[in-house]
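So the protein lines, in turn, are chains A and B. Going left to right, the first sequence walks through residues 1 to 470 as the UniProt record's numbering numbers them. Going left to right, the second sequence walks through residues 1 to 470 as the UniProt record's numbering numbers them.
Hints are not guaranteed to be accurate.
Pairs involving identical chains hold if they fit within one copy or between any two copies, as the list cannot separate such chains.
Claimed, not checked - Subject to a maximum C-alpha distance of 20 Å in a straight line, what follows is the list of computed SDA-like cross-link-like pairs (lysine to any residue): (1) LYS460 - VAL65; (2) LYS5 - GLY66; (3) LYS448 - ILE179; (4) LYS340 - GLY373; (5) LYS448 - ASP176; (6) LYS442 - ILE179; (7) LYS460 - MET450.
These aren't lab readings, by the way, just hints derived from the structure by calculation.
Protein chains: 2
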Amino acid sequence: MPLSKDQIVPALITLLGADSVRFEEAEMEGYLAEPRRRFKTSARAVALPRTVAEVQAVMEWAHEVGVHVVPQAGNTGLVGGQVPLYGDEVIVSVSRLGGTRHVDAAAGHMTLNAGTTLEEAHRIAEAAGMLFPLYIASQGSARIGGVLGSNAGGVQVLSYGTARELCLGVEAVLADGSIYNGLGSLRKDNTGYDLKDLFVGSEGTLGIITAATLKLFPKPDHHETALLNVAGPEAALALFTRLRERAGSTLTAFELMPRIGFDFQLKHKMIAQDPTAERSDWYVLAEISVPRGMGDGGLAAMLETAMEAGLVGNGVMAESLAQREAFWTAREQMSEVQSKEGASIKHDVSVPVAAVPELIARGSAAAKAVVPGIRPVPFGHLGDGNIHFNFSVPEGGDNAEFMARDEAVHAAIYKVVLEMGGSISAEHGIGQLKTALLKEVKDPTALKMMRAIKSALDPKGILNPGKMLG
Amino acid sequence: MPLSKDQIVPALITLLGADSVRFEEAEMEGYLAEPRRRFKTSARAVALPRTVAEVQAVMEWAHEVGVHVVPQAGNTGLVGGQVPLYGDEVIVSVSRLGGTRHVDAAAGHMTLNAGTTLEEAHRIAEAAGMLFPLYIASQGSARIGGVLGSNAGGVQVLSYGTARELCLGVEAVLADGSIYNGLGSLRKDNTGYDLKDLFVGSEGTLGIITAATLKLFPKPDHHETALLNVAGPEAALALFTRLRERAGSTLTAFELMPRIGFDFQLKHKMIAQDPTAERSDWYVLAEISVPRGMGDGGLAAMLETAMEAGLVGNGVMAESLAQREAFWTAREQMSEVQSKEGASIKHDVSVPVAAVPELIARGSAAAKAVVPGIRPVPFGHLGDGNIHFNFSVPEGGDNAEFMARDEAVHAAIYKVVLEMGGSISAEHGIGQLKTALLKEVKDPTALKMMRAIKSALDPKGILNPGKMLG
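One chain only, chain A, in its complex shape (with noise of 0.2 Å):
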């Protein structure tokens, strides 16, 4: 028998107070509520503790009444994750933890609490003079917590890697309440599992990340950013590997764009005027980031060979930092304005980088034979085989009409993807959306694994319930 909210609730104030316990409907809305409101149950209450000793006494407190316990962070999640799925669960929010425990620019390294937001990190790198190159659209309320919890990704994945990869050690509160104590800014450390990356990317199934080690690079002397005029993807493809093959990593950012997205943006005055040097069909912007002692990134020159070779119709460089942000504007509302536009599918799936094409053109044949007249939207970062492949209602279509096909579209998209040797979850993660389809479609000794893992660091399996795993 699950506890009632009757034994729950006092239970918490006593260990927390009643200033960090939240249990009425209304006062618990903004906790339960996700982004996209796909998802939305009730808790128990919602448990704010100010340190990581508060997270590891209602921890222990859980592991011992036998309470299921959801981790939230910034509440961005787009999948479910951090919010209850059966209703009886406590959500323990991690964003009371706030602020910075060390700063090291020199040494290249910060370890923030996690309740941090992003935006709040790029900040305190700022201010040391560094830059921690993680960006998404929900920055400003996404938390370091959740933030690796769901391993995000980024426009700058190309090359700095994904929160994974930008994260020397985590700290972590486990579903008995024991302690891992797994900071530390080393560079090398082989002394057994990997279990910082465990964490990163478990989804709070395995512990509550409390605080995070992550790197600092040297910031850039500048930028040099392009929104191409590209034939297509193929052209996209070709020109992506021209430019890595002749920047190497200092090719920051590389995604790609349809015109429909600028013409959406457009219509529903998200953008003021088109950014892009002329119509076409597709657009790329590519950006490099120059170190600063070596003067030209070498765009320009790499550019007028590729508009040679054909891969390349028109283009605009960026020639201050408002024409810059100007295009990072149109890339970052690709995705928001669909809203505007009436009902939307989407799929955050990758494959190859090379097979981006093909994705493509596949997918968007197929969702056209389950819904014709269906507008393909796909865009992202093709330099990581990343593409959100998002489908508008069709012109004048009737919105609970087309989204009554979601599940079809689904279908029909990741039938494609697997076919692909790609992912049904590229950046956003597993959460509650889509635990049946990782079960159809993960190699079974990997769901073997993880059931073993989660069973033997969770045993009563009191961290989020039913998430990922199912």
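We have chain A already, so just place chain B on it with the hints.
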């Protein structure tokens, strides 16, 4: 009761054929003796499977009958992880699992079987016009399975990462013979726990890696390489910070070396002439890898201002490939030359990057307090905080007498390292050499987690018993 040789050998011959089983001491010799000849136990047999199916068959049998298995690849490990501990084990060598499964230069990855040597991996990448940037002294013999099993590092970790970061996925045979199919070339895949990184660095205790997908990088246009006189580790650290700030990720190597290492090599004729500009207590080997589209890497200009700032006393820029080679040869021979100078005591440790000067100062003093006259030869990857903290016997000292102080010197160095938040094994792992030490120094929760994971994935304790976790 462990099975006897008479029971094991016929069973293996039935599974693999007589041609794939070694059991006479003489023919097992090459698999039993490890590089430093520190560990030497017999084995029941050596199995040499030619296919993944044969590896599976051996493991299914071993699991069924309860035979312990020691996975082995190139047998170059320095901590005894790849050789038997009890004598009742069967060595399963992946050395015959050679060859390439797939190379895709445009997409930037290759899939190799675990028996491929690192040098062959370099050649395969090279033939595709690409770079696989993992360089260690033993690369002619080290094989991919062991490189990943031990998470090898080397001289370009600064920019490209360790084996872990260079690997996109692995295939592995588990203790019960089931196969984990985690190959694949996805740059982003958030579908469950990061099992790949659990295998990497697990020293054969969780599975036998049979193949891996590895990242390929564009080849740089050229290198800019300098051998620089610096006043000491403090100046070297300041120089590192400065070059990193100016060169960003194009700074691919930054190695610190003491004068004594060059003197040893000259004395023992391992180098014909002194590659340095002039005598100095300390040197730095710094290298920039310049992408094709960038022209000048800017090292000369950076060094000019560094000299003005007093960080560099003198130096030589390599003006030919031969000169670059000479710099690197001197660096690579730093460890090997010590054996010609008498007995040596070695430590592979890391500390936070900014703490390297303090480590060298305190560690040298601590060792001198134990053995007056001991000669420190600390060198290595300053940019990773990873120093090979080696010592040679006092001049004219007795080797046996010196080696009798082995444990005391270790204790003194590890004490300093741990006080500084460092690692007692930066690159080489735990194996059988450091199991007792690991128990003393590792976070207790981490140890508990590791044991739980080991029990969950190998409940019968078949794989590499006694290694890492003891």
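**Request:** Since the copies are identical, ignore which copy is meant and state whether LYS460 and MET450 lie within 20 Å (CA to CA) inside a copy, between copies, both or neither.
**Result:** For LYS460 and MET450, both the intra-copy (15 Å) and inter-copy (18 Å) Cα distances are at most 20 Å.
**Message:** When Cα atoms must be at most 20 Å apart, do LYS448 and ILE179 count as within-copy, between-copy, both, or neither?
**Reply:** Classified as between: cross-chain Cα gap 11 Å, same-chain 26 Å, threshold 20 Å.
**Up to 20 Å CA-CA - VAL65 versus LYS460, copy category** = The answer is within: 10 Å in one copy meets 20 Å, while 32 Å across copies does not.
**Request:** Up to 20 Å between alpha-carbons, please classify LYS5 paired with GLY66: within, between, both or neither.
**Result:** within (14 Å within a copy, 50 Å between copies)
**Item:** Up to 20 Å CA-CA - ASP176 versus LYS448, copy category
**Value:** between (23 Å within a copy, 12 Å between copies)
**Prompt:** Is the C-alpha distance from LYS442 to ILE179 at most 20 Å within one copy, between copies, in both cases, or in neither?
**Reply:** So LYS442 and ILE179 pass the 20 Å test across copies only (13 Å; inside, 31 Å).
**Prompt:** From the Cα coordinates, with 20 Å as the cut-off, is the pair LYS340 and GLY373 best called within, between, both, or neither?
**Reply:** Only inside one copy: LYS340 and GLY373 sit 18 Å apart there, 77 Å across copies, limit 20 Å.
Of the numbered hints listed earlier, not one is contradicted by the structure.
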